[in-house]
Each structure stands twice: as C-alpha cells, then as structure tokens.
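Produce the entire structure from the sequences given, and follow the hints as far as they go.
Chains A and B supply the protein sequences, listed in that same order. So the number in the numbering used here is just where the residue sits in the first sequence, counting from 1, plus 11. So the number in the numbering used here is just where the residue sits in the second sequence, counting from 1, plus 11.
Source of the hints: derived by calculation from the structure; they are not laboratory data. One thing to keep in mind: the hints can contain errors.
Mimicking DSBU-like on lysine-lysine, the simulated pairs with C-alpha atoms at most 30 Å apart in a straight line are [to be verified]:
1. A/K253 x A/K182
2. B/K182 x B/K253
3. A/K253 x B/K182
4. B/K130 x A/K253
5. A/K182 x B/K182
6. A/K182 x A/K130
7. B/K182 x B/K130
Covered stretches of chain B, going by a simulated chain A footprint (3 or more residues, C-beta under 8 Å) [as the list claims (entries may be wrong)]:
8. 65-77
9. 104-116
10. 157-169
11. 175-187
12. 271-279
13. 336-346
For glycine and all other residues, C-beta sits at the position ideal for the given N, C-alpha and C.
2 protein chains.
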Amino acid sequence: MSSSLVSGATGPARQASPSTRRRNLGAVLREVHRDGAVSRAELAERMGVNRSTILSLIVSLAATGLVREEPATATGRAGRPSLVVRAESGRAYVLAFDVAVDRLVAARVGLGGIVLERKEAARRRGQDDLDEVTGVLTAFGDALVTAAPPDAACVGIGMSYCGLIRAADGKVRLAPTMGWTDLDIGPALGRRLGLGLPVAVGNEAHLGALAEHVRGAGAGSRNLVYLHGDVGVGGGIIVGGKLLDGDEGYAAELGHMIVNPYDGRPCNCGSHGCLEAEVGEPALLESAGRAGGPLGRDGVRAVVTAAENGDAAARDALDRVGGWLGIGVVNLINLFNPGVVVFGGMLSEIYRGAAPRVGARVRAGGLPVSRERVALRTAALGYDATLMGAAELGFAPLLADPLGVMDHA
Amino acid sequence: MSSSLVSGATGPARQASPSTRRRNLGAVLREVHRDGAVSRAELAERMGVNRSTILSLIVSLAATGLVREEPATATGRAGRPSLVVRAESGRAYVLAFDVAVDRLVAARVGLGGIVLERKEAARRRGQDDLDEVTGVLTAFGDALVTAAPPDAACVGIGMSYCGLIRAADGKVRLAPTMGWTDLDIGPALGRRLGLGLPVAVGNEAHLGALAEHVRGAGAGSRNLVYLHGDVGVGGGIIVGGKLLDGDEGYAAELGHMIVNPYDGRPCNCGSHGCLEAEVGEPALLESAGRAGGPLGRDGVRAVVTAAENGDAAARDALDRVGGWLGIGVVNLINLFNPGVVVFGGMLSEIYRGAAPRVGARVRAGGLPVSRERVALRTAALGYDATLMGAAELGFAPLLADPLGVMDHA
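So this is what it looks like as structure tokens:
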C-alpha cells in the first residue's frame, strides 16, 4: 500500500510549508499506526522522502509521545540495524462503540489498534430506546475514561451502528426493527459523555471493511469486499484503498442485491429475494427447522456444528444458504474484481460451514480473469471488526493532524 | 467536480516547482477540455489559486496554441466582462478508434472533445482476424492524419475494444466470438500507424462511462453507473469521480451479474442467467420471435417500434427484458448509491422501450434512500460514447503534461 505523503523537501535546505509538514506527520503516523512498527529506512522509502526529513518527523512525533524508536530485532543482515518506529498505545487512545443488533460494546483502543480495555452488554432485540442505549454506552465510556492512565489522552470517539448512516451528518436513516428513522445517536452520546469531542458514526459493515483492510484479512489489498452478517446482511467495499460511499454514504448495501427473483423470501427492506432475506440468520434457522431455538451467533453456530455432525436438516440449510451466498459473491467478484472477499460477523460462521458450496458457485459463475486470483477469507478480527472500524473513525482526526490534536488533548 | 490542482504559489513572490507547474498546467487544460470554455475567474476559484498564477498558466497554454482567450459573451452583470479560456480544437488532436461487435469506427478528435472527422465501416460478426481489423483501422487512421491541417499535431491514440482488457498491458483477454485470448491489438495497430505513439486500449463500456461522465449524461456526477449494450452487456462505473477498475482492470462486469438463477439462459461466459444473457440482443430478438430477422441496432429498434405500434409479441419481449434489466439496476443502485444510471449502446433503445418496467422494479427493490435521488438516463453521446471515451484515453498524456507533450509533437 502506498502512502499519499507529499514530499515537501527535496533536500534539507528547503523548509516544508506548515500544511505539508502536517500532512507528512499524519502520513508517518498512519504507517506506524497501521503496521505497529516500521523501520526508518522503510518509512523513508515508502514516502519517497530523504532520511533527514523522516528523522525530523519522527523526532516531533516522539516528543509528543505518539511513537518511540527502538532498535529493530536482529534481521540477520550485516551492518548497523535500522531503528524501528513503534506506535505508543499508552499516550493517545480513542473510545470505540459498537451498537450491533444484539449487543452493545465499548472499548478504549490505543494507537496501533491495541484494545486496552473492553466492555460488552447484551442488547435485547428491539431495545431501541435512544436514552436507554446511550445510557449503557455512556456508563461504559465513563468507566473506560476513568480507568485510563492520567497521562493518556482521549483523542477521538467512533461508533459503529447497525443501520444506514447518512455520510453528511452521521444520522441513522434505517435501523433494524426501527424502520426508517432519523436518529441522531452520535450527538446524543457525545453530549452525555461530555468529553468535548464529536462522535463519528459509521455503518457497521463499512467499518468492518475498513478495519479488515487496515489490519485484518485484507491488509495490503487494494480492492476488498466485506460481507457482514448481523441478523441481516450488510456490506463494506474498499475500492482502490478507499471506502466506497456513493453519493450519500449508502453504498455497498450488498444485502439488498436481489438474488432470488422468483420465490424470494420477503426482506425487511420491503422487497423480496434480497441476499439478506436468503442468507441472513432467520433464513438459516428456519431452513434448519430451528426457528424456535437460540438466536444470534449461538443459533448460527449450532447449525454449523450440527451439520458437521451429520444433521441432514442443518446440512441442507447450509447448502441452501451457501448457494445464495455464492450467487451474491459471484456478482460482487464480477463487479469489483477484488483481491479478497471477507466474510464477517455471523457470515463468518456460515461461510465456514458452506465454503464448498460457495466455492462451487464462484467457479461456475465468476469470470475466470476475476475469480482466479481472488481470496475468500473469514474476518481476521472476528466479531470485533466493526468495533475496530469504529476505533479507526475515532483516530482519523489524530492521523490527519497529529500535533494539532495532541495540543488540544 | 473539484480539481486536484496543487497550489504551488501563495503569492507571486514564490516560484512553483517544475512538477507543481506541470500539474497545474494539466489541471487548467483538463477544466477547459471538459467544459469547452471557462472564465479566468472561475478557473482561479475552482483551483484555489490566485489570479496571477492562473494568468501565467493560461499564457503558457495559449503560447502553445492549446487554448485561446476571448471576451465572455455578455452576462448581464455590471463591470468589465471576465475573459473566457477556450480549448483550441485545431492545434492538438487524437486518433480515437472503436472496435465494436459489428462496426469499426475511427475519428480525429480535437481538444475539447470535438469530432473533426469520422470514418466508419461495418464489421462482420466473426471478423476477428487481427490483420484484417487493424488493416481497416490503419487505413482510416492514415486518411485522418493526412487530412489534418499541417499545423495540427497528433498527441495521442486511444482505442475502445469490445472485450475484457487487462489494465497492466492493455491486452484483450476475452472477446466476443473469439473467446479467451491474449490479443495485443494496441501494439499491432501502433506499429502499422507508424506515428511513434502508443495505442492506449480500454474496455468499451469503461470508456463509455468515462465519456458520459466527462461530457455526457453524467457530467457533474460523482458516482455513475453506465450499462452498455453491444450484443452483450458491459459496464463502466465511476466511483468518486474515478473509473472503477479493480485489481486488474476487469471490474464493472455487470453483464455477468446473475439475475436469473432458476431458468436463466446460457451466457457466453459459460454461466447461466447473467444479465447479459437475459437482456442482450439475442434475448430480446428471440423473445420477440425475430431471431431470423435483422440483427444489431436495426433489429433492436424494430422491436421497440413494433411495441409502440401495438405488436403484442414485441411488447411482451420488452417487458420481459425490462424486468431483468430492472433487477440489475436495483442491484447496482443498492451497491453504488449513484447519482445517475446511464443506458448506452443498444441498451439505450431497450431502455426507451422498457422504462416503465425498469422504473417499477427500481421502486420495488431499490432502497428508498438510494433510489429517491438517482436519475435514469440514456447516453447523451449516443453510440459514440465509446469512441469519445477512447479519445479521452488518447488525451490523457497531454492533460498530464501539456507543454512536455507539445514539445515532442
């Protein structure tokens, strides 16, 4: 992955402009935040700037406590070992929140994507009262901030929400079981936390894609498709290294591709035969004859385990769901020519149980030029992909202007 | 649309670096090439640079004959009228070639996207001999160059090809009736033309999207989906102002979305029920009982006209095809949240005859947040969208480095 660092200096004699230096500081911090530790030499090469420029940037970041330098572990190469620049997770952290269909999660996440502390509560399906939800999140947030070391600064707040989010203002436009709405959950939580920081809100699957791209199953890829199962099915798509957002932030709703136009199951969106309707949790549990049993991850896992143990109904249900999922994946491969397709949330369980069926569909319907090089993987960050994506939202201001944000933290 | 011009000077005192100045010259020329004529004031504002910088850029471009300044037509505003900067179409031109399934087209296209001269020949279906095809194109190219004024310079060559093109080297990987191949048509044509210029090759639907985005039905949009009918169905998609390419250039193959998984017609790609199989020319003509009649545009137009005149078989065929097309459009709207969907090539005829059916599908299956603001349109550049996209490929080097290219032209 290349960095968009702007070289402000072709030699030590020329002074970079303040905006160039700010961009360069952000670019160095992004590299270190993403990779954990990077050598000076590697940073200089990735950014196409000379060593004196890199050194000066590192010195500034180290002085604020955002990075530290230390000798690289032995590489077996001759000569003086290069120093590595490592992200300091103790100095700057974000609060990350995840409002999923059936759980509420909060975490303090340090620079470098290190989860320092994590809290989770179950969310009743239909627990949609804004005050109640923000109340739980606020209590979590307060406790996380209180437990932080005194010299650690909260530099941002991000939230993953299981609904359609308008990019312009972060409003929730559609939420499961709530229908069409105009929910201002970000400002509501921000007021109650009282940290003087805005709460950036994103769609859960978009954020899952972001996290898997930065430090998960799609690290290093340019084009990635992420399918997220959270009762329904959402999507996040990385195009040329950037999140696909569309005109207003509603892009990548791959759960509402119509895959079954004939006798498709009714979908929450009002249509029929959407991918979500055919491969979401209710479709799997009903097909397996387990609609009355446990819901959520436990219910989905039970079907996969039963199929592994020879339960014919569970096997048939997974084959059925896998067939529809495969059609969806075929369409996404042919549309996006991605390097990697990632299955996250409950779809990671379903994919584990239905991989042969999905693979057969892909071989039958994917264009050879596009399918031959694509990797199909489960999310490396597991169920925390969405939470880690929320943390990335929270880190965005710091990564855009490290010293400016630390001055005010 | 914003320009990515880099401000190299915050005042007349500071001298821009050569690379900054090159980028700025390219940015000015791109604006003028796209819009035909832009006022000095508007250029300065779009680019966020001061008037003295703009003036100096315009003077350089005018000295090479690429632009001219002239007084704007009266605007009704008081005060001295701003000068407009207009693209000169007579000084620099490109050769644009279009290898479609059943025709071969070539044109000399001037800066500003002005078609100065155009030549066309029918291509027999199955006329796939590389020597024969490049022979026709070379004769066209030679004649176009010979007819150009003596002071006009050929600055680039672009080709639209009706197949899958590998981005890395421009090789044709899949072509209709030829199957999987590795056709080096760009270098072959370049050698025969002998102009010392490479031939940039792109997929016809990608180039149609590019042209409709630059100067067609999607001008001003950030996100655009273009569906192109040329016997089969191709696609080109603009994401955030840039062409979606995927890992190797094969993205946007929307013709190979599976829309009919049950009793889908066999597709040329080897799968069944692809959008191309359900809405391409053969599907329409066979459904209308006209498989033995005229092919191509004439055949498709005849079905649309017959349906308008009350022919029940033609009406039913258009309804059937429109229904599948609508499912494809629903999926694309939900995936891309585009501002505009454009139907080009033969699909513009089909859309004209099936718009109500397509619209009904979109209302039933498109997410309200995404479908409420999207415009469905036919291509403004008609059947020449692909040719005009090829011209844009040809202009790319000039727009990246205007003076450098003109020095060598």
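Going down the list of hints, with the structure as the test:
For the suggested pair A/K253 and A/K182, the alpha carbons sit about 21 Å apart, so the restraint of at most 30 Å is met. About 21 Å separates the Cα atoms of B/K182 and B/K253, which keeps this hinted pair within 30 Å; it holds. Between A/K253 and B/K182, the direct Cα distance comes to roughly 27 Å. Compliance with the 30 Å bound is thereby established for this hinted pair. A C-alpha spacing of about 41 Å is found between B/K130 and A/K253, which places the hinted pair above 30 Å, so the restraint is violated.
The straight-line distance between the Cα atoms of A/K182 and B/K182 is roughly 45 Å, outside the 30 Å bound, and the hint therefore fails. Using a Cα cut-off of 30 Å, the hinted pair A/K182 and A/K130 holds, with the two alpha carbons roughly 25 Å apart. The hinted pair formed by B/K182 and B/K130 meets the criterion: a straight-line CA distance of about 25 Å does not exceed 30 Å. A stretch counts as covered by a chain when three or more of its residues have a beta carbon under 8 Å from one of that chain; for the stretch 65-77 of chain B and chain A the count is 0, and the coverage is violated.
Under the rule that three or more residues need a Cβ within less than 8 Å of chain A, the assignment of the stretch 104-116 of chain B is violated, with 0 such residues. By the rule of at least three residues with a Cβ nearer than 8 Å to a Cβ of chain A, the coverage given for the stretch 157-169 of chain B is violated, with 0 such residues. For the stretch 175-187 of chain B, the assignment as covered by chain A holds, since 4 residues bring a beta-carbon within under 8 Å of that chain's beta-carbons and 3 suffice. Residues of the stretch 271-279 of chain B lying with their CB closer than 8 Å to a CB of chain A number 3, which satisfies the three-residue condition for coverage.
Remark: the stretch 336-346 of chain B is confirmed as covered by chain A, as 5 of its residues place a Cβ nearer than 8 Å to a Cβ of that chain, reaching the required three.
Checked against the numbered hints listed earlier, the structure breaks hints 4, 5, 8, 9, 10; every other hint is satisfied.
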